[in-house]
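S.K.: Single-letter residue listing:
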Amino acid sequence: MTSLTAATAARSSASSEHSLVVEDLRVHYDTPEGVIKAVDGVSLALKPGERLALVGESGSGKSTLAMALMRLTKAPGRIVAGHIYLGGKDITLLEEPEMRQLRLNEIALVPQGAMNSLNPVMRVKHQIIDGILDHVADRKQTPDSHELEERVNRLLARVGLSPEVGRMFPHELSGGMKQRVAMAIAISLSPRVIVADEPTSALDVVVQRQIMQTLGRLQQGLDAAVILIGHDMGLVAQFANRVGVMYAGKLVELGPVQQIFTEPLHPYTKLLIESLPNLEEKKKFIGIPGLPPTLLRLPSGCVFHPRCPSFIKGTCETVAPHYQEVRPERETSCHLYAGVRA
Amino acid sequence: MTALLELRNVSKLFGGGFFSGRPPLHALDGITFSIPEDRPTITAIAGESGSGKTTLARILLGIATPSAGQVLYRGKDVARISGAERKRFRLEVQPIFQDPFESYNPFYKVDHVLTTPARNFKIGKSKAERRSRIEEALHAVGLQPEETLGRFPHQLSGGQRQRVMVARALLLRPRILLADEPVSMVDASLRATILDSVYTLNRTHGISVIYITHDLTTAYQVSDNIIVLYRGSVAEAGSVEQVIKQPKHPYTQLLVQSIPRPDPRKLWGDVPARGDAEALGEAVGCKFADRCPFVMDACRSAVPPLHHIDPHRVASCFLYRDSKVVAEQDIAGVFAPRADAARTGPVRA
Ligand SMILES: Nc1ncnc2c1ncn2[C@@H]1O[C@H](COP(=O)(O)OP(=O)(O)OP(=O)(O)O)[C@@H](O)[C@H]1O
Ligand SMILES: Nc1ncnc2c1ncn2[C@@H]1O[C@H](COP(=O)(O)OP(=O)(O)OP(=O)(O)O)[C@@H](O)[C@H]1O
Ligand SMILES: [Mg+2]
Ligand SMILES: [Mg+2]
Numbered sequence: 001m002t003s004l005t006a007a008t009a010a011r012s013s014a015s016s017e018h019s020l021v022v023e024d025l026r027v028h029y030d031t032p033e034g035v036i037k038a039v040d041g042v043s044l045a046l047k048p049g050e051r052l053a054l055v056g057e058s059g060s061g062k063s064t065l066a067m068a069l070m071r072l073t074k075a076p077g078r079i080v081a082g083h084i085y086l087g088g089k090d091i092t093l094l095e096e097p098e099m100r101q102l103r104l105n106e107i108a109l110v111p112q113g114a115m116n117s118l119n120p121v122m123r124v125k126h127q128i129i130d131g132i133l134d135h136v137a138d139r140k141q142t143p144d145s146h147e148l149e150e151r152v153n154r155l156l157a158r159v160g161l162s163p164e165v166g167r168m169f170p171h172e173l174s175g176g177m178k179q180r181v182a183m184a185i186a187i188s189l190s191p192r193v194i195v196a197d198e199p200t201s202a203l204d205v206v207v208q209r210q211i212m213q214t215l216g217r218l219q220q221g222l223d224a225a226v227i228l229i230g231h232d233m234g235l236v237a238q239f240a241n242r243v244g245v246m247y248a249g250k251l252v253e254l255g256p257v258q259q260i261f262t263e264p265l266h267p268y269t270k271l272l273i274e275s276l277p278n279l280e281e282k283k284k285f286i287g288i289p290g291l292p293p294t295l296l297r298l299p300s301g302c303v304f305h306p307r308c309p310s311f312i313k314g315t316c317e318t319v320a321p322h323y324q325e326v327r328p329e330r331e332t333s334c335h336l337y338a339g340v341r342a
Numbered sequence: 343m344t345a346l347l348e349l350r351n352v353s354k355l356f357g358g359g360f361f362s363g364r365p366p367l368h369a370l371d372g373i374t375f376s377i378p379e380d381r382p383t384i385t386a387i388a389g390e391s392g393s394g395k396t397t398l399a400r401i402l403l404g405i406a407t408p409s410a411g412q413v414l415y416r417g418k419d420v421a422r423i424s425g426a427e428r429k430r431f432r433l434e435v436q437p438i439f440q441d442p443f444e445s446y447n448p449f450y451k452v453d454h455v456l457t458t459p460a461r462n463f464k465i466g467k468s469k470a471e472r473r474s475r476i477e478e479a480l481h482a483v484g485l486q487p488e489e490t491l492g493r494f495p496h497q498l499s500g501g502q503r504q505r506v507m508v509a510r511a512l513l514l515r516p517r518i519l520l521a522d523e524p525v526s527m528v529d530a531s532l533r534a535t536i537l538d539s540v541y542t543l544n545r546t547h548g549i550s551v552i553y554i555t556h557d558l559t560t561a562y563q564v565s566d567n568i569i570v571l572y573r574g575s576v577a578e579a580g581s582v583e584q585v586i587k588q589p590k591h592p593y594t595q596l597l598v599q600s601i602p603r604p605d606p607r608k609l610w611g612d613v614p615a616r617g618d619a620e621a622l623g624e625a626v627g628c629k630f631a632d633r634c635p636f637v638m639d640a641c642r643s644a645v646p647p648l649h650h651i652d653p654h655r656v657a658s659c660f661l662y663r664d665s666k667v668v669a670e671q672d673i674a675g676v677f678a679p680r681a682d683a684a685r686t687g688p689v690r691a
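Protein chains in written order, with our numbering: chain W, 1 to 342; chain C, 343 to 691.
Since the hints were made in silico from the structure, they are not lab data.
The model shown is predicted, which means the values in this text are computed figures rather than measured ones.
Beta carbons are placed, not taken as given, at the ideal position from N, Cα and C, and that holds for glycine.
Be careful, since some hints might not be right.
A few chain W positions that, by computed beta-carbon distances, are all more than 12 angstroms from chain C [claimed, not checked]:
1) I79
2) L118
3) V121
4) M122
5) L148
6) E149
7) R151
8) V207
9) E274
10) P289
Examples of chain C residues lying across from chain W (beta carbon under 8 angstroms, computed) [said to hold, decoys possible]:
11) E390
12) S391
13) A534
14) Q563
15) L596
16) P647
Generate coordinates for the entire structure from the input sequences, incorporating the hints supplied.
M.R.: This is the structure in structure tokens:
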């Protein structure tokens, strides 16, 4: 079985094999204290129907990456380098009006805290309709109101809500129902890529499970690729096919979900997996020692070296490891695997 | 033996006044349980969003008053105590809230949440001694005093802020720590660190903990016993080994089946999607009847009592009507003693 690293995939990005290819993406925030490299050279590739989870500590750059994929980075943030190919087209080069057509049509976001992103004074169905009308490519093809109503009802049904919900205001809905409305908006134009940024945090397990299963069903129906962002490793295990681990703005490991959980390569991933409580046995709680770095003053060499139990003196604090494929389908950036090549 | 803290038949109603045209909401419905005086315990209170967990916490702290029933501290009604007794209650029962930001004043340095109570409750004899007690407490939760003190709340991460609150509890050495979702906003590795400090408070400092959460995995890991609330009533309660590992109430079963296991080999089954609790009205019989896969006629006409199914478990469900109804009201009566030997697994220096 051969596999493509993001870099080789990017070279063949004109091919239709991948829905999304990200190549050496860099997003910086210019702040009075200095430049924050929130996304610092991330590369990845997604095929249709694939479910990639991006995990990492708070502040590791997950939401910044999600917003950049939508080309919604706001000042003081800036995409300073890299490429994002959506269906073969480099969206970093597009003018805003053109990008606007792609949003919702080609790539859609369920934002972090989506349930608070709804307009409080607008009925649910009007919010869904607005999204559709805003993004229809051809003004002449604007559907009539009866057709729109039908579409809203179909969308609500697909996320498990009844047509009455369309006539309600957000404050009349529970958190789980609002989250599903945000998801209905995201799929309203059958995008090929769905980015879901912590779609269920703050919801309880029963509702969480319903929402993730809804997302999975929708994605299968559309054959869309999904990027699920979050730090709930339970949800990741339940939902994803592949997992990418971010640390201080960098992707430090990427691989198939099963392997990430049973045989993590990067020491950070290992600690992350070990810190998870389970229901099988009562374990000692182990956190990851040390603190996440401030992105303003990153450690030299490997950014993880001050917290790393496998620290190699003389190497890790001086040389930044390359992110590379070390086994089929497994990529990581760690000196432990420097000599190993796939 | 008087209990340290005791709830007697506590109910809380919201809204539903004469003019509202709606029936009142029973946020809590006749809850009775106690925290013993003679041994430190960890009790989890779990349940979905809106099940009444925070309401229960606020009543236990004396911040909210029950609509019916009583809260007793060392045998005295907290609504009536005053003066020195009240001060003692406020020292001995310390909260940690879900959002650590709410516990801070953004204009004061972090030090404020430590120095003020240290002074008020006369911790240490001198300023220097107070300072060293504060540093000791910060060390105990894995924080460096020099990285923490002198900073403003927004200069600390969420997990650091939360640990300062745990340090505050350590400093004050309360008898009871009431933690409402202390880790729901932090990521997995910090979650472990914070829960470890809470656990240590119990095991080495003899502080009883009430751990409120909807995360049954951590509830299983930290607590000895658990109370599962469903819309203000006790659905099931008892030792975590029984309630979480072998749930008997259909609601607890639904909760446990829905836990996202961090293991791709143990996948969720399909859920029978039976609506959100919020969308349902007040029922006559069992509150869970509309969502219950085992619903029977009896469930629609009467509220099931708490049946004593196992030595260390009760459940309010007619499926177990052959088991006797619990004699005493206090569900803590069936709680299991704490199990220390069970904790295994890797230990890192
Ligand atoms: N508008 C901004 N201005 C300056 N810095 C920012 C801004 N937004 C984010 N950052 C910084 O960029 C880094 C990455 O933030 P981001 O929100 O992408 O993290 P995240 O991984 O999504 O975290 P979380 O899990 O907490 O949502 C953080 O250090 C954050 O402080
Ligand atoms: N001040 C209030 N006025 C009216 N209703 C309230 C008030 N506080 C709580 N409630 C209602 O009481 C019920 C229980 O709420 P509570 O906050 O105790 O739930 P919870 O179990 O803590 O939920 P969560 O997991 O979301 O924190 C809910 O239906 C809530 O809407
Ligand atoms: Mg984020
Ligand atoms: Mg609450």
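S.K.: So, for every hint listed, does it hold in this structure?
M.R.: Hint check:
{"no.": "1", "hint": "I79", "result": "26 angstroms, holds"}
{"no.": "2", "hint": "L118", "result": "16 angstroms, holds"}
{"no.": "3", "hint": "V121", "result": "21 angstroms, holds"}
{"no.": "4", "hint": "M122", "result": "21 angstroms, holds"}
{"no.": "5", "hint": "L148", "result": "26 angstroms, holds"}
{"no.": "6", "hint": "E149", "result": "23 angstroms, holds"}
{"no.": "7", "hint": "R151", "result": "22 angstroms, holds"}
{"no.": "8", "hint": "V207", "result": "7 angstroms, violated"}
{"no.": "9", "hint": "E274", "result": "7 angstroms, violated"}
{"no.": "10", "hint": "P289", "result": "8 angstroms, violated"}
{"no.": "11", "hint": "E390", "result": "4 angstroms, holds"}
{"no.": "12", "hint": "S391", "result": "5 angstroms, holds"}
{"no.": "13", "hint": "A534", "result": "4 angstroms, holds"}
{"no.": "14", "hint": "Q563", "result": "5 angstroms, holds"}
{"no.": "15", "hint": "L596", "result": "6 angstroms, holds"}
{"no.": "16", "hint": "P647", "result": "25 angstroms, violated"}
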